[in-house]
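K.L.:
In case you want the letters, here they are:
There are 2 protein chains.
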Amino acid sequence: VDELTEFLRFRSISSQAERTRDVAQCAQWLAAHLRRIGLKHVQVAPTGGNPVVTGAWLQATNRPTILVYGHYDVVSPEPLAKWNHDPFDPVMRVGALFARGANDDKGQLFCHLKAIESILASEGELPVNVKCLFEGEEEIGSKNLARFIEGNAKALRSDVVVISDTTMISREKPAISYAQRGGLRAEIVVCGPKRELHSGTFGGAVHNPIQSLCEIIAALHDRHGRIAIPGFYEGVRKWGDEERAFMRSSGPCDEAIRRDAGMERMWGERGFSVAERTTIRPALVLNGIAGGGVKGHEAVIPSCARARLSFRLVPDQDPQRIANLMKEHIERIAPPTVKVRVRAESPVRPALMDRRHPAMRSAALAYRGEFGAFPAFVRSGGSIPVVDTVYRILGVPAVLMGFGLPDDQRHAPNEKFDLTVMAKAIGTCIRYLFLSAGPHRRDVYARGGGNFF
Amino acid sequence: VDELTEFLRFRSISSQAERTRDVAQCAQWLAAHLRRIGLKHVQVAPTGGNPVVTGAWLQATNRPTILVYGHYDVVSPEPLAKWNHDPFDPVMRVGALFARGANDDKGQLFCHLKAIESILASEGELPVNVKCLFEGEEEIGSKNLARFIEGNAKALRSDVVVISDTTMISREKPAISYAQRGGLRAEIVVCGPKRELHSGTFGGAVHNPIQSLCEIIAALHDRHGRIAIPGFYEGVRKWGDEERAFMRSSGPCDEAIRRDAGMERMWGERGFSVAERTTIRPALVLNGIAGGGVKGHEAVIPSCARARLSFRLVPDQDPQRIANLMKEHIERIAPPTVKVRVRAESPVRPALMDRRHPAMRSAALAYRGEFGAFPAFVRSGGSIPVVDTVYRILGVPAVLMGFGLPDDQRHAPNEKFDLTVMAKAIGTCIRYLFLSAGPHRRDVYARGGGNFF
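Line by line, the protein sequences give chains A and B.
Okay, so the first sequence: first residue is 1 according to our numbering, each after it adds one.
Okay, so the second sequence: first residue is 1 according to our numbering, each after it adds one.
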């Protein structure tokens, strides 16, 4: 906990340009830590953006190689007023460690480091080869990661990538995410008058960029919550009753999702459960909007308004095609009385893993050993760009062993990591490395009570 | 110019709470200046908000009393980056004085003070009684002015109020505004989740407050630019061909308005000219919108989004009725999956003055004496709350002698006051006081070439 506290003190907020130095210092600290626990070949590798931290232990001849991925950057702690304390001065309280990044993802990646350190300290060697890959741009779309992996494909060659950046069903029931939605980010900028205009003098005769932007945004959904971009749903895979029944039995129920969201009423596409809306169905989310002023109230027609939005995409949607459809749709509806610019970036393809892969079995057994329960195999609504990137470049599958709790406030004020879960997470990581060493025996799984996926 | 420069240095931005002290210091400076030029009974009167500065010269027995109204508060200078220099460090350049408030309204009210000072210095007395009333909240809706005038109705009793806070047609052609639109400000706040939610985990199943706000805003206009609030246009006075022809002949042409706005294409309600859309037709203007973040790009569903908007109203619309219609409309269209709050404030009734009133004739003659041309009688798109307030409480008509140029950048970066116009404006104010002293002789007007309204 003391070491993690040190790690959490770095304000490694990747979305804020003024934090570039904090991010770099955090990477240096992490690299030093890798060296200290016994990893070799440790590097802080520069990229076009924030550095990637790598390290490895490669002395398990003829054994599999596990790539451990994590990210040391965090999202902004805003709104600060809603935190009970400084988000970068970690506090231990009611059995949990509270800080920005405590869970997402500094805390979770740290469990793998503590697992490696434990085994090396007690055994003198690891049962498998391990390569670590920790990036500093996950929260801003992993912009430079693909190029880094492409340039270091040989050094990163491995049999599986293990990633801990997701959540469990509850503190008793772990979960492995076998599907993540893809993503695409976009910005829409609407410009009207070259300068702010007096709203009395010109109001009624000049197209207001805020109004025009709102009209464009309103035209992105129909009134039933479906995305109204023509062609958007073409290519969305239809799942049969069997998979939908599996999802119902293994994933969280709608009521649990509603409670986690803290909402009175959910919303979205008709004909699909809340769980399905957040996993096998795509979404378009407005992340931010700004134009003119809302603090004072001045009589102006602003000259510009902008919005940021992101798509969550599902198999078999192609982010590039979605970007084009969105641009065409907005061009079609944009009125001639304002200037509209649309920019799309950070495309991430949706990912889907085989639940029956041996590496999934190792993970399931590791979880069961610590938590006393096999994990649920669930789909995630979020995007983990590295999953597709690693599969595409290195050809290896990902195992997503998450250790977050639903109320850990990831991306929100008062983020935390439960200390009991943390201890079990380290144990799970230790077990995973040992279980990955040998062949996976059917009878071991059978003892768990049958088919868990 | 040196004195006005001192006056302009005060950051008397009424929309910014942190500027309250600057506003108060500006009021004190103004009061001291009134005393210095020879006005009596000078006071800085507290209100519920920013103080009102008053002063008077009442020794013209049996002569009319002129109330001079102005405001010493200014709008925020944002965006600062678009100014060529510090907006509160006035700069003289190409025959003009550049600063926030140079024209609106510190510069214009200052012309009346210089006129009074000149006459007192040369004649030892004024040809009429003068009362000054300078407020510090015009740019935020004159919230406390009505109560102040009500409480001081006897002290403010007068025959006419003269206000210089409008613009001329050009540097050769003055203008008197005989109609101003009314106003109403509103704020719409849409709240969704209690805290920011991860847009991957919940995207598609939680109603996004930005999206919902945009849908509400989009439903405030139809696609032809008309306001879509049911009942909104009931009560809007229909003007006959005669008045519309007068407006065409006296007001600016559509092309001139387009040029002033710096727009390639104008916008608005069909069936009305651009000039009409900004004067005899009402408008709904979005002033600001904000929600989530647009600087970084983080994967969150924000918990709230808000917009500020304002109405421009025309005879015979009642601001209170419009507030109710808007609230009912938004309540009707607000979805049950978010919480929507609407607040309306700062109602201002539209104002319409008799172009044939003797005080108008004095003003027209005063202008002609300095500018060599009779003023155009025009309608303004903006609201000047004091016009209705003074008429309602004191029962006196207003004469709006404006001295701004169309390109003076009122409410915009690089606001200025042309020095040649300023000199003529002071002369016009001097003439106006003398012309107000005596009866208005038809033959004086006849010399001007006939019927100027």
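Treat the hints with caution; some may be incorrect.
Since the list can't tell identical chains apart, any single copy or any two copies may satisfy a pair.
Pairs of lysine-lysine residues, derived as PhoX-like cross-links and limited to a Cα-Cα distance of at most 20 angstroms, are as follows [stated by the list, open to error]:
{"hint": "1", "residue 1": "Lys339", "residue 2": "Lys194"}
{"hint": "2", "residue 1": "Lys82", "residue 2": "Lys194"}
{"hint": "3", "residue 1": "Lys143", "residue 2": "Lys194"}
{"hint": "4", "residue 1": "Lys40", "residue 2": "Lys154"}
{"hint": "5", "residue 1": "Lys143", "residue 2": "Lys238"}
{"hint": "6", "residue 1": "Lys339", "residue 2": "Lys114"}
{"hint": "7", "residue 1": "Lys295", "residue 2": "Lys143"}
{"hint": "8", "residue 1": "Lys154", "residue 2": "Lys194"}
{"hint": "9", "residue 1": "Lys40", "residue 2": "Lys173"}
{"hint": "10", "residue 1": "Lys194", "residue 2": "Lys40"}
These are calculated hints, taken from the structure and not from any lab test.
K.L.:
Up to 20 angstroms between alpha-carbons, please classify Lys40 paired with Lys154: within, between, both or neither.
P.N.:
Classified as within: same-chain Cα gap 16 angstroms, cross-chain 89 angstroms, threshold 20 angstroms.
K.L.:
Between copies, within a copy, both or neither: which fits Lys143 and Lys194 at Cα up to 20 angstroms?
P.N.:
neither (33 angstroms within a copy, 31 angstroms between copies)
K.L.:
Can you tell me if Lys154 and Lys194 fall within 20 angstroms by alpha carbon in one copy, between copies, both or neither?
P.N.:
neither (52 angstroms within a copy, 47 angstroms between copies)
K.L.:
At 20 angstroms max between alpha carbons, let me know whether Lys339 reaches Lys194 within a copy, between copies, both or neither.
P.N.:
Within one copy only: 11 angstroms inside a chain, 35 angstroms across chains, cut-off 20 angstroms.
K.L.:
Regarding Lys339 and Lys114, is the shortest C-alpha distance of 20 angstroms or less found within a copy, between copies, in both, or in neither?
P.N.:
neither (54 angstroms within a copy, 45 angstroms between copies)
K.L.:
With 20 angstroms as the alpha-carbon cut-off, assign the pair Lys194 and Lys40 to within, between, both or neither.
P.N.:
neither (57 angstroms within a copy, 46 angstroms between copies)
K.L.:
Measure nothing new, just compare the shortest in-copy and cross-copy C-alpha distances for Lys295 and Lys143 to 20 angstroms and report within, between, both or neither.
P.N.:
between (34 angstroms within a copy, 17 angstroms between copies)
K.L.:
Given identical chains, is Lys40 near Lys173, meaning Cα to Cα at most 20 angstroms, within a copy, between copies, both, or neither?
P.N.:
neither (35 angstroms within a copy, 82 angstroms between copies)
K.L.:
Please sort Lys143 with Lys238 into within, between, both or neither, judging by C-alpha distance up to 20 angstroms.
P.N.:
neither (30 angstroms within a copy, 59 angstroms between copies)
K.L.:
Could you figure out if Lys82 and Lys194 sit no more than 20 angstroms apart (CA to CA) within one copy, between two copies, both or neither?
P.N.:
Between copies only: 11 angstroms across, 37 angstroms inside.
The structure fails hints 3, 5, 6, 8, 9, 10 (numbered hints given earlier, in ascending order).
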